[in-house]
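> Here's the letter readout for the chains.
Number of protein chains: 2
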Amino acid sequence: MEPIRYTQRICKDKDKITRFLTEKRVGTISMCETADKPYAVPVNYVYWHDKIYIHGLGSGKKNKVLAANPAVCFTVYEEFGTVTDPVPAKCDTAYLSVVIFGKAVPVQDVNEKTQVLDRILEKFVPGFFKTPLPSQFVKQYRSLFDNKAVAVYCIKPDVLTAKENPIDMGHMFGG
Amino acid sequence: MEPIRYTQRICKDKDKITRFLTEKRVGTISMCETADKPYAVPVNYVYWHDKIYIHGLGSGKKNKVLAANPAVCFTVYEEFGTVTDPVPAKCDTAYLSVVIFGKAVPVQDVNEKTQVLDRILEKFVPGFFKTPLPSQFVKQYRSLFDNKAVAVYCIKPDVLTAKENPIDMGHMFGG
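Residue numbers (this note's numbering), protein chains in the order written: chain X, 1453 to 1627; chain B, 1453 to 1627.
Wrong hints could be hidden among the right ones.
In this list, chains with the same sequence are indistinguishable; a pair is considered to hold if it fits within one copy or across any two.
Stated by the list, open to error - Restricting the straight-line Cα-Cα distance to at most 35 Å, the calculated cross-link-like pairs of lysine-lysine (DSBU-like) are:
id, residue 1, residue 2
1, Lys-1468, Lys-1513
2, Lys-1476, Lys-1466
3, Lys-1582, Lys-1608
4, Lys-1489, Lys-1582
In short, the hints are calculated from the structure, not lab data. Computed from a predicted model, the values in this text were never measured in an experiment.
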């Protein structure tokens, strides 16, 4: 892995990165369909035990691409606004972004799948369901759309980098 | 290009897509560094004359990857919240997302480059600069970081797809 060129921007604060990945809701999963055909889609995710988990249909294009080539680049960003400067070229975005390289591996074990889906419900509809998801439900559920079980993928980061340009109070546009 | 599987979600409203791409500020540019090494970064962009334009350092990793392989998948999303359902598997995200396939081509012409950078300033710091950017400035400017001119890329969509799951009033989580 080659180093980030723009070294001033590297964020090494592990707690901050963990908080960020825990709180944010959407990441973009980038794949190579072929050597010159990148394919990417935004997806909801949970960050759990230092891994990214996503879920979805079992028969979409993503499933096909990942079956042939599981390597992914998973990115999450937040833009905080624009930092102004009298020199146009020095106006800049305040942001935090995380880029993760790894493989998206299908989770096969029904209990692990159920736990992940429970984390997803807990994150996106906290308190809405009064009881945890029964693994029996996950085992038996088939989508009305494609008659397949829900697909869950785990991305264990081989490399995780974060870049940051913090908010510069007093110089934010419109601030 | 194979069709989107989940056809209920296709958004074909061209005006809506144009408004969306015009208003949103960040997209993720996905590339293939090699056949099994996807590489992606979130970037600010402008949508102008039906094309995506991005700018940045002239010497980063992105520049190197794009020089070897200009094929990109450019994604922009907005998440509107979670649509609840008594059946856990039917809880779903309300969103709009656009996926663009094309090539990221460096803009060489100084006048075109200047026009793009002006659009970028107009979008991100509207009214902050009282006069348009002089092309002379763009021509002469070299980054203090790498002593290179600013890089501007144009992505002309070969294929543009949009997917949407609209807000379902009365069923939004927390709504």
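> Of the hints stated earlier, which fail here?
Of the numbered hints, just 4 does not hold.
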